[in-house]
Amino acid sequence: MRIRLLWRERVLIGLLVGSGVLLALLSDVFFTPANLLRATRYAAEIGLVALPMTMIIISRGIDLSVASNMALSAMTMGLLWQRGVPVWPAAALGIAAGTLAGWLNGWVIARVRVPAIVVTLATLAVYRGVATGLSGGTGILGFPDSFLALGAGTVAGVPIQTIIWIAGIAAGAVFLTRTAVGRYIYGIGHNETALRFSGIDVDRIVLGLYTASGFVSALAGMIYAARVGTAKSNAAAGYELTVITAVVLGGTSLTGGEGTILGTMLGVLIITILQNGLTLARVPAAVQDVLIGTVLVGAVLTYRERAGRKEVFVIAPPQPELHHVGGRVLTDPGNDLAVGEERRNP
Amino acid sequence: MMMRWGRELTILAALALLSGYLSLTQPNFRDAFTLSTILTNAAYVGVVGIGMTMVIVAGQIDISVGSMLAVCALIAGTLARAGAPMFLVVLTSLALGLGMGALNGALIAYLRIPSIIVTLATLTALRGAIVWWTKGYWVMPLPPGWKFLGTTHILGLPLPVWIGWAAVLAAAYVLAHTIIGREVYALGSNPQAARLAGIDTARVTFWVFAVSGLLVGLATMLHVTRFSMVQTQEGLGLEFLVITAVVVGGTNIFGGSGTVVGTYLGVLLLTVTSSALTFLGISATWDQAIRGAFILVAVTADIVRTGRWRQPVRWAR
Amino acid sequence: MAEPLLQLRGITKQFPGVLALDGVDFALTAGEVHALVGENGAGKSTLIKIISGVHQPDAGRIDYLGAPATFPTPRAAADRGIAVIYQEIALFGDLSVLENLYVGAYLRPLRTTGRRVDWARMRARAQEVVASLGVELDLGAPVHRLSAAQQQLVEIARALLRDARVIIMDEPTGPLAQPDVGRLFSLIRQLRSRGVGIVYISHRLEEIFAVADRVTVLRDGRRIITAPVAHTSRDALIHDMVGRTLDALYPKSAVKAGAPVLEVDALSKDAALADVSFVLHRGEIVGLAGLVGSGRTTLAHALFGIDPPQRGRVRLDGVDARVSHPGQARELGIAYIPEERQRQGLVLPFPVGENLSLAILRRLSRLGFVDHAREAAVARDFVRRLDIRTPGINVPAAALSGGNQQKVVVGKWLAAQPRVLIMDEPTRGVDVGAKAEIHRLMSELAGRGLGILLISSELPELLGMSDRILVMHRGRITGELRRDEATQEKIMTLATGVA
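In order, the protein sequences belong to chains X, H and F.
Numbering follows my numbering, with no gaps: position 75 of the first sequence is 75.
Each position in the second sequence, counted from 1, maps to that position plus 1000 in my numbering.
Each position in the third sequence, counted from 1, maps to that position plus 2000 in my numbering.
What the hints contain is simulated information worked out from the structure, not anything from laboratory work.
Cβ coordinates follow ideal geometry from the N, Cα and C atoms, glycine included.
One or more hints might be untrue.
[Said to hold, decoys possible] Reference listing, derived: stretches of chain X covered by chain H, where coverage requires no fewer than 3 residues with Cβ under 8 Å from a Cβ of chain H:
no. : stretch
1   : 105 to 115
2   : 119 to 125
3   : 130 to 141
4   : 238 to 247
Only chain X is shown next, with the shape it has when bound in the complex (with noise of 0.2 Å):
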């Protein structure tokens, strides 16, 4: 399989190596492999809970409540293992929790059709509330060696989560791009009217895409949970800002229809990359969350600033002259290629 990579893809890859090489001379202790294995501990939380954000937003929605939803789930599970459930069936029913979490928002979305940023926007209240209420303001520790393991153990040297992102990469991947579904998602994006008239089930995929992102987000809470040791009510708080920027930066459009997983994937190693430096730099984690902020701004503006350019030919619907504009525009064969594949990598 040939990859071609995007533009925004090579820029990506270039900030990365970039910022990489500079913190591994700044510092001598971030090219160590202690941190380099800290921070892609870290870092599979957010590229995980970033898959399926990535589809959402594609389809033009968006999940603010995934922070929220690690905590409920990991509390759940704190909470069933405290009154005696072994722990495995009580991270599978805390799995089972997150993942009813993302179905409830996913059926607001669908089927009351409310938005999705009202809904999430809500539950990101309700779920973290809920797992604030349940917990009494308290954590919960001392959970076995064997569920630890989740978050610090490693299969021939690679991190255990590492290895879970990597095949959830993979799988997004092919998902997105070769599934007749990963082609409805981005359609959903563009227009979803159009999909609905072509026959096809939109609300069953809208839900889906929010149970997945329940389901992911609750094994993130449970990877979150075993790393740190233990179930808190205000875990991974923030981490919603956190992957929406990856995700963001990674070339995924807010409007909808655009994005890849290889460009999330870039998104989350440069967004924690930077965090971890800037943490062994000693700026505090305050300073990092205005930085954030500003390299999600930066991102929406360069790459809005690229995309405008193009829309005088590609998309402007409303105008039957720039049609027919385009229509003779792209009879460079070159160009039209181009537009076509912008959307997504094969």
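We have chain X; now place chains H and F onto it with these hints.
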């Protein structure tokens, strides 16, 4: 007339029922102190609600209000402790609010970044900055002059209550009867048409956010001058409370319609509901969950009622 | 001829890669209705965008009211009395009629004390203007409650309140039902008698002969001819527009109707559909006439499962069918070419090939994985069979002309191999050449045994293409006319419920 004020009358009826029930069953609810507390709480939330009503009517959202309030409160408190006169403290709070609102507004209106992204970023960043700066310590003790605003009473009611009412009435007038006010509704109703009609949509959007920030600065002063210290978690979750009140008060979450009087009544209803929960002995750890559920139910009910299903929200674009 | 109100000389406009306007002259006199016609892409929209200040010309000169003028922004043009009534009505649904009349820049000159809105004065002037048009409008009603025709009235009244000297109407009859079109025309004549200059753009040539004084034809960015309407003919205009003479429109060949393919029995849905029953045979084209809102599209949506009916029976080839979802309709062999091509028919940024395969992607997949080679083969096949003019199947559908886009939508549904094809306004906004091709295709499909249900607001099209015509009024079928007995008058009588 009944149709036009239908939402407001419904909320008033709900308020009357709830207050009546509490007065009959909870003797403590009846005393003047409870009433005064409810009204004072409603005053500051209501003032933030004015700004949020404008923002949502204009087709946008601002979830950074809680963090902005905390920044205003902490800097105002620090300034007061350093011996600055109260009027300077108040002015600083207003200016800070205006400045932060203007920053949101500039990013949204002129750089055209979706408001949910911008204000999610400022919410996180400002809250982070506060924790970093204060290291979690409260600002205290505060000088005696600090509580002047919060403890002055006129006709038996605290000054903030009067200021809140004045702000609500002034905003109601501006939104209903001035050109800039009507342009906010036009913008929220149909932004393309607004642009074609020659409205400077970016300018209106910018000012809506700037004024929302200014009102947060004012609300800060109404709120924190009642207490003798400023906490770092000031304003946490305020955005949910305010957005819920705006929606309960009849503002269309998609923009284009809504009134500040409705919002104020929505705030009152939520404030009374929240004290009802306290009276009924429900733990405060459940607050956030209940607020979140409230907003979900309110928006869903509103969408089902108006039949505006699956209409795109502009603040996500 | 009198001194022109607006005169454009040698207007040239270049967009990246294409010359949209090439030295175009255009003049508009006060009290004149000047029609502007041409195929999609001929330069009409660019020309009106230059007049209304949306675009700036690269070369050429504009004289307005006898003096050279530039319109750097839409606002500047509007302030000087140039109003555009767009195809997509640009009003504020939440606001009252009164406010819609004034909103925006037009509010400012009216303010009295400071920045306060003077409702009383606004109302008085608005009533004056509305009364002078001889129409009724409830100034207090929110605009989203008005009909399309009433909303258009609001736009016209708004233009007059701003003392518009030039009113540009872009396909104004698009959203209107037949009786409203008549009312619009008498309003246009009234504006003309007041000395307003009107630029009238329409694809429907009948309208131009009904209402315009002069007509200018554009083709490929150049002005071909300007002539008084009385001195030209429909055929001459078509010739000028396409640059060649078209074969006769409506090439409906007689096909012997076969067995019933679609039987509809007492279909009902709230108040929108009441006891609708009819039969469609193989090889038959049945026209569905009616005013906007008469239930034609509701019926199509009910049959296609977008908005399933509450009562009634549908049978396909004699077998009972329940359709509650468009996916089911597709599997049962019902296809629907929707009314709004760009919104409902296409994913514009998707390549032509992916649009063509959209409805049958599952059939082109194994275990959920798309067979890209088969997909491309199917797409190429339809591009060839329908003569879709595109540089390739990887070009976004957005880059095609309206007519070719419509052919993509048709191809998408032919790929699903339907038994019944429902076409909702299949040639709306499509230029003359592509229209004829779509008609020929319909005829051919019927010849191959498809049953076609044709919904159209264009009566000549219905009369020309249908074997039978069903007429709907308020959710009911009020009459059925055979091809040989149908006339425009009979259809209108049934459609307006007079009979």
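How the hints compare with the structure:
Taking a C-beta to C-beta cut-off of 8 Å, the stretch 105 to 115 of chain X contributes 5 residues in contact with chain H, enough for the three needed, and the coverage statement holds. A stretch counts as covered by a chain when three or more of its residues have a beta carbon under 8 Å from one of that chain; for the stretch 119 to 125 of chain X and chain H the count is 6, and the coverage holds. With 6 residues having a beta carbon nearer than 8 Å to a beta carbon of chain H, the stretch 130 to 141 of chain X meets the requirement of three or more and the stated coverage holds. Look at the stretch 238 to 247 of chain X against chain H: 4 of its residues bring a Cβ nearer than 8 Å to a Cβ of that chain, three or more, so the hint holds.
Checked against the numbered hints listed earlier, the structure breaks none of them; every hint is satisfied.
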